[in-house]
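Peer 1: The residues making up each chain are set out below.
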Amino acid sequence: FMLTQPHSVSESPGKTVTISCTRSSGSIASNYVQWYQQRPGSAPTTLIYEDTKRPSGVPDRLSGSIDSSSNSASLTISGLQTEDEADYFCQSYDDTNVIFGGGTKLTVL
Amino acid sequence: EVQLVESGGDLVQPGRSLRLSCAASGFNFHDYAMHWVRQAPGKGLEWVSGISRSSTTLAYADSVKGRFTISRDNAKDSLYLQMTALSADDTAFYYCVKDTMGGIRGVVTHWGQGTLVTVSS
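Those sequence lines, one after another, are chains A and B.
Throughout the first sequence, residue numbering follows our numbering, covering 3 to 111 in sequence.
Throughout the second sequence, residue numbering follows our numbering, covering 162 to 282 in sequence.
These are computed hints drawn from the structure, not numbers from a lab.
Note that CB positions come from ideal geometry on N, CA and C, so glycine has one too.
One thing to keep in mind: the hints can contain errors.
Facing chain A, according to a computed beta carbon distance under 8 Å, are these residues of chain B, among others [said to hold, decoys possible]: (1) Tyr193; (2) His196; (3) Gly211; (4) Gly263; (5) Arg266; (6) Val269; (7) Thr270; (8) Gln274.
Chain B with its partners taken away, still in its complex shape (with noise of 0.2 Å):
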């Protein structure tokens, strides 16, 4: 059974860093690229970042380009999002997902529960 399990989610001050973490199981993680995508409470959903499974190719949304940093470690199967320069409009929940192929494509099948970020002074 897959499963994607987040964690890194707080309260943080604008302008911080904060550093998540998905843990993968279930599947083979290096075959697969994968993504982060939040919501904000009461809206909708936001892809933020993709990355292909050998990490050649990263994507991000252009609201997180050049503050957030996609990474993974196929060796722990784990995927990780860096992000700087928070601002409220970050907070959000969460949510690590698995794509169908190797290359960045968009086309998911799983998602995990999701870690809050809260962004606020």
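So that you can see chain A by itself, here it is in the shape it has in the complex (with noise of 0.2 Å):
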């Protein structure tokens, strides 16, 4: 299956934005999707796991969701900063492949 993201995202800071991630094939709900932020010049860091979850110094701003009649996962930043301007990553896997979306780029005008 592919996992399939908008390549990039704007938004005053102060907003919310929303990142989708749609699931081509198999239920969204049957595994579970994390997101990661990557600034420039950075590894990866892990915003959310397991759906819903966040690790411990993620501020509660951002949040994930799954929504099955969308066959989609999201990622919400609310009251966004100019920190957040970053490049967004959606991750799940099935019994044989661990499988990334191509990446969001969200800018924060």
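Could you use the hints to bring the two separately framed chains together as a complex?
Peer 2: Here it is, written out as structure tokens:
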């Protein structure tokens, strides 16, 4: 299966943005979805794991969800800050593979 | 604090081999599956390989199957990736990542800083 993300999104500081991740085949609910942030020149870090859980240190203005009706997962960032400008990747897996989405570049205008 | 420190990245010629290492600390390494994930410059993330906690299950992306071998030494808290028959397509940062369970699931919570492999003549 594939995970499809928008190439880019942009929003103003203080606003809320949602990044989608659509699974091409199989149910989005059948395997957990993770979200990773990567700032320029840095390694990725985990923002969300197991669909909705945040590692310690990740602020609660970031949240994850899944929607079986659209077979997609979403990452929502509220109270946007300039430091949120980065690339975001969703990821899931099946019995034999680990799959990443193509990534979404978030611009905070 | 979980720490994953990769090493072994280098400039190598096409067709040659290279071995990457990852030193783990801050958690019970032997309890968790581990993976290698790579990222070509300016590109997205690509899962390379995963290994269960006791090495009973190994998994590989089709792009590296038959050329790369993942292994671990739980006594040394270390993960390895032996890469052979390297080509320019293998040029990337290689990240060591930690799963949340002993079996391979691909639920990652921690990443290393990466090591750069450049394949060029």
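Peer 1: For each hint, tell me whether it holds in the structure or not.
Peer 2: Each hint tested on the structure:
no.: 1; hint: Tyr193; in the structure: violated (13 Å)
no.: 2; hint: His196; in the structure: holds (7 Å)
no.: 3; hint: Gly211; in the structure: holds (7 Å)
no.: 4; hint: Gly263; in the structure: violated (15 Å)
no.: 5; hint: Arg266; in the structure: holds (6 Å)
no.: 6; hint: Val269; in the structure: holds (6 Å)
no.: 7; hint: Thr270; in the structure: holds (5 Å)
no.: 8; hint: Gln274; in the structure: holds (5 Å)
Hint compliance for this structure: hints 1, 4 are broken, all remaining hints hold.
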